[in-house]
Structures are given as structure tokens and as C-alpha cells.
Amino acid sequence: MNVLGFSKVVFGLAAMLFLLAPLAAILPLAFTDSVFLNYPIASYSTRWFNELVTADVWRRSIINSLIIGFGTTVLATVLGTLAALGLRRQEASWLFAFARTAFLLPMVVPAVVLGVGLQLMFARYNLANSYLGVIIAHTVIAVPFVVINVSAVLQAIEPRLEQAAASLGAAPPTVLARVTLPLAAPGIISGAVFAFATSLDEVVLTLFVAGPNQRTLARQMFSSIRENISPSIAAAALIFILGTIAAATVLNVLRRYRKPARAVS
Amino acid sequence: MTQPFIGFEKVSKVFGALTVVDQLDLAIHEGEFVSMLGPSGSGKTTILMMLAGFEAPSSGKISVAGRQVDQLPPHKRNMGVVFQNYALFPHMSVADNIAFPLSMRGVAKAESDQRVRRALDMVQLGALSDRRPSQLSGGQQQRVALARALVFEPQVVLMDEPLGALDKKLREQMQLDIRDLHRRLGLTIVFVTHDQSEALTMSDRIAVFNRGKIEQIGTPNEIYDHPATRFVAEFIGETNLIHATAEAADGEVSRVVLANGQSLSVGRKALKPGEQVCLSVRPERIKPSGTQENRIAGTVRDVVYHGDHLRLIVDAAGQTVVLRSERSEAAPTIGDGIEMSFSPRDCWVVAR
Ligand SMILES: Nc1ncnc2c1ncn2[C@@H]1O[C@H](COP(=O)(O)OP(=O)(O)OP(=O)(O)O)[C@@H](O)[C@H]1O
Ligand SMILES: [Mg+2]
Chain A
635 MNVLGFSKVV
645 FGLAAMLFLL
655 APLAAILPLA
665 FTDSVFLNYP
675 IASYSTRWFN
685 ELVTADVWRR
695 SIINSLIIGF
705 GTTVLATVLG
715 TLAALGLRRQ
725 EASWLFAFAR
735 TAFLLPMVVP
745 AVVLGVGLQL
755 MFARYNLANS
765 YLGVIIAHTV
775 IAVPFVVINV
785 SAVLQAIEPR
795 LEQAAASLGA
805 APPTVLARVT
815 LPLAAPGIIS
825 GAVFAFATSL
835 DEVVLTLFVA
845 GPNQRTLARQ
855 MFSSIRENIS
865 PSIAAAALIF
875 ILGTIAAATV
885 LNVLRRYRKP
895 ARAVS
Chain B
30 MTQPFIGFEK
40 VSKVFGALTV
50 VDQLDLAIHE
60 GEFVSMLGPS
70 GSGKTTILMM
80 LAGFEAPSSG
90 KISVAGRQVD
100 QLPPHKRNMG
110 VVFQNYALFP
120 HMSVADNIAF
130 PLSMRGVAKA
140 ESDQRVRRAL
150 DMVQLGALSD
160 RRPSQLSGGQ
170 QQRVALARAL
180 VFEPQVVLMD
190 EPLGALDKKL
200 REQMQLDIRD
210 LHRRLGLTIV
220 FVTHDQSEAL
230 TMSDRIAVFN
240 RGKIEQIGTP
250 NEIYDHPATR
260 FVAEFIGETN
270 LIHATAEAAD
280 GEVSRVVLAN
290 GQSLSVGRKA
300 LKPGEQVCLS
310 VRPERIKPSG
320 TQENRIAGTV
330 RDVVYHGDHL
340 RLIVDAAGQT
350 VVLRSERSEA
360 APTIGDGIEM
370 SFSPRDCWVV
380 AR
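As given, the protein sequences belong to chains A and B, one line each in that order. Going by our numbering, the first residue of the first sequence is number 635, and it counts up by one from there. Going by our numbering, the first residue of the second sequence is number 30, and it counts up by one from there.
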């Protein structure tokens, strides 16, 4: 191995260590038997996982996260897919450019700014402290991920395929249902996974718009750190990470599945 | 015939500053097999796409069966289209691809299955019906596209180089099959091809395109024997273009002179004395002997072996002339002086 190759490997390992070290440091503490979040671990137990599912605040927050996560996923995926379909035409008009930017804006606008705005608006429309309100707020920041993912697959679909379907007698809605959407499915699904993940770890907007009844897991972790640090936070983090790994696995499987469909021109 | 089945009237298509189709007038009759032949970029695909409804003409009118179709969306035109790049649905099996137009027309499952099987047999792909298009070779994909465009027996079939990816043997087989279907079902076929021999063998009429305009339209015979322009003469088949100057036109025959002062007679054609012209003479019409009326002396520069025949490359009158010679004859060798000749009927005058 030459020097360059060697240093590449060393650098890569260092970067991985940098990214993973914090996780490696905290995760074993999920299995501690002690009430303190520190090393060394004297004895191991799963009591903190028990606490997560039995303690009311934790259980409630997990259920909330799932409700809000699924609501956000459905809403963001539908809206984002429709937006991507609408923005698909390669028109160079400023209106299209503006719309495209507008859909991606929530990714760059500071969450605090969005949060304040949403809070004011929700107070006015009676959405404050409601599940629907939180789902809408999460959808706002999840939609860009869906738009980006679906736009990417739509771009890869040959217009000729849709023309072929039309020439064979398919009206536009049929073309959409039988050709465009099936071909876009991998992008739609990965958009949905991103939307769910976004909702799952969103804290700032949730702080602004959620009431005590809509506390999500991320929000609960956030406040429990400030109030009383206990190893239950490490257990929650472990669950989070396993969820994320599961989502990433889904995405990877999809990518592999998507390749043959793209190979044909 | 009074009203054409498919009519283009002064149809133009402009992309930005580029005029791709220029004031096209074209009439195609019901049941006719018309080929569009032309170099790459001459607008053939664009014309087909306008007919299928995927591109709107910049100006002009297109009518089908006496009805103007400009407002008719593609899915209501009932035309089978074989696209240049196949356009098979990658997420469906071969059989599902072919069944697609049938399911759009509400054909019952049992009948659909039967028709799909027949279409697959026609293109000799019966064994591959469960494969995905990505698991097929280019030629196999092309045949699936053909089956899909024909299975619903549309009145009009548009084909954009449908046989381009096939090997010679399969291509000739498919040419026969398409011709057979054309006759049996009374299809009207518009067929785009690069391959002039394919156009000559398959078509009722050929339209030769150059830069978005029709250079000439006519039967294969007319196009081959009486090319209207130098472009057509060169594009269809192989030809010798012998530079000459018109001398006189008296009644049945005209005379031209070559650069070396030699005078030749050509078929009847109105020529102005002094006009610069080209004589188009096919290699197979020139005899390597002095038996015909127009004789030219030359020196053999090369003899090329082609299996069933020889090609002689001859320098004569300051130009290069190619002719075809039977192998059985006592073949000339390089450097020989020879006398070639051709009949006035076998040469055709085109503008230079
Ligand atoms: N959508 C488009 N926008 C701009 N230019 C186009 C478009 N479609 C076609 N052209 C141009 O129009 C010209 C004719 O294209 P067309 O595809 O009709 O040619 P063709 O005769 O089918 O060529 P080939 O034999 O290579 O398929 C080309 O110069 C092409 O670049
Ligand atoms: Mg083309």
C-alpha cells in the first residue's frame, strides 16, 4: 500500500471515530444498573428500558412520537410528491424557479424563526397545543426532503415512457398511476423515510407548538436532560439510533432495488 | 384518391432559432407504407412526434381521416408508436408491456392473454414473456416494442427506426413480417429509417428528407432510377456523379460534354445550353466494355473483390468512376486501359 492509500485509510478511520465516539461513549450507559450516568458500570441491567415503557412520561412521549411521525410522513409524502410532480416541467420561468426555492426554504430557515411564526399562526387558528398543529409544523420541515427525493427520481424517468403509455391509449391520470408513480416509488419511499426521521428528532418547532399532551420522545429527552439526568436518556438514545439504522437499511435496500429500473433508457 | 388519409399542410416546427421541419406538405393514403429516409437530424423523428401528438406544430395543419388532429391528445389518436429508443416500461414484464394497450382498451383477460401470446410469437420472443426489459438485449427490446405497438391493431403505426438494433438475418425476417402485417391488416405505416435498402425493399413510397424538407417523394423505383436532386442520387444507393456541361437539347435526346471535351447523349430532359450538371450513373449500369452508346476511356486504378462481383475504380476524363463487374469475365487488372460504356437511358441528369 502506498503512502497516499495508507493516509486515506487513516483519515477515514479518524473521521469515523470522531463521528461515532460520542455514541460509543453514551450507549453502554443504557445498560447500567446505577442511577447515575457515569462510568465505570458496576452491574448491567435493563431497568432503564423498563422505565421507558412503564414510566408514564416516557411511554406517552414514545406513543406521541409515533402518532406525530406517521401523521407527518403521510402528509409530507403526499404534499411533497404532488409538489415534485408539479415542479417537474423544466420551464425556465421565474415563477417555477420561485416555487422550487419556496419548497426548499424550510430547510435553511432557522427553526426558531419558523417556530415563532407557526406559534403565532396556530394561536390564531386554534391549532396550538394540538396533534394536528404539531403534525403540520413537522410537515413544513419534512416536505423539502420529499420534494428533493421525488424530484430526483422523476428527473430520471424518460419522458418517452410516458409518451409511449399515452400513445398506447392511457389518459393522463392512467399514465400517472401506471407509469410515473410506480417508477417514482423508490424516491417516494425514501422521501417518506426522511420525513419520518425528520419528525422523530425535531425539537425546536415542537417546543414552540406542542402542548404538554404532545410531548414527543425528542422533546422529552431534551427536557429530561435539563431536569434530571438519568440513564433513561441513554436508553432512549439507543432506541433512537436503532430506529435510524433501520431507516437507513430500508433506504439502502431500496437503492439496490432501484438500480435495474434505471438502467433501461 | 381525393382526400389523403394522413395529411400535412404547410407544417413547420421551430425549436428556438432552428427550423427543424420546414413547410412540409405530405399526403399519405390509407393502407400505404411510406418510409421517411434522411440523414441524422433531418427532422424525421420530429415529424413522427407531431403526428403522434407529442409535439405541436409551430404552424400548419395535420389531419388524419379527414379530421384535423391538432387538438386531439395522444391517447385518443389510436396510433401504434415504436419509439427510436424502444420506451419499454422497465417496471413491467415483457408480457405486461404488451398487454398494456389491451388493458387500456378494456380487453378481457383471457382474450388479452391470447393476443399477447400471438404477438410474442410473431416477434419470436415467446420464451421471454416473464422477463423485465432490462434483462433483454437491444434487439429483443426492439421486438417487444414492435409487438406492443401492433398488438392492439391500430389503424396507423408509426415506427422510428424499429429494426436498427437487429442483426441482418433477424432484420430481414422482421421486414418481411412487417410487410406481411401491413398487407394483411391494411395498416397505414409511416416508417422512419436510416437504411436506404430497407426503405427500398419495404415501402410503397419513400420520402427523402434533407434539413426538414422533402427532397423527393415517390415509389422506390422513381427514387432510385430518377433522383430529383443530387442529394437524392447520392443518398439512395451508390452512384457516379459525372460532372458535365449541357450542350444542346434537340427533341428526344440531350447532349452534354465532359471536361475533356467528349460528348455524351443523355435521356430526354429540358436542359439549358451551358448549364453545369451532374450525370448520375449507377455502378451496375456501366459496362466494362464499349457495347453501349456512351463510351468513356479510362485507366483502372483499383480492383476490389466483393465475393459475387468486383468493383472497378477507374480514372476517366479527370474523374473517378466506379463500376461493377461480373467475376466471370476476364477481369481487368490495375493499370489496364479500359473502355466503359452506358446507355443514355441509364443515366440521369441532376443539377450540380
Ligand atoms: N426538443 C427539442 N429541442 C430542440 N431541438 C430539438 C428538439 N428535438 C429535436 N431537435 C433538433 O431537431 C433536429 C431534428 O431532430 P430529429 O430528432 O427530428 O432528427 P432525426 O431526423 O430523427 O434524426 P435521427 O436520424 O438521428 O434520429 C435535430 O437537429 C435536433 O437537435
Ligand atoms: Mg430520429
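Where hints are given, some of them may not hold.
Only some residues are given here: those of chain A computed to face chain B with a beta carbon under 7 Å [unchecked claim]:
id, residue
1, Leu-719
2, Gly-720
3, Leu-795
4, Gln-797
5, Ala-798
6, Leu-802
No lab work stands behind these hints: they were computed from the structure. For every residue, glycine included, the Cβ atom is placed at its ideal position computed from N, Cα and C.
Taking the hints in turn, this is what the structure says about them:
1. At its closest, the beta carbon of Leu-719 (chain A) sits 17 Å from a beta carbon of chain B; the interface hint therefore is violated under the 7 Å criterion.
2. About 19 Å separates the beta-carbon of Gly-720 (chain A) from the nearest beta-carbon of chain B, more than 7 Å, and the hint is not met.
3. At about 5 Å, the closest approach between the beta carbon of Leu-795 (chain A) and any beta carbon in chain B falls short of 7 Å, and the interface hint on this residue holds.
4. About 5 Å separates the beta-carbon of Gln-797 (chain A) from the nearest beta-carbon of chain B, less than 7 Å, and the hint is met.
5. Look at Ala-798 (chain A): its Cβ gets to within about 4 Å of chain B, closer than 7 Å, so that hint holds up.
6. For Leu-802 (chain A), the shortest C-beta to C-beta distance to chain B is roughly 4 Å, which falls under 7 Å, so the interface hint holds.
Figure legend: structure checked against the earlier numbered hints; hints not met, in rising order: 1 and 2.
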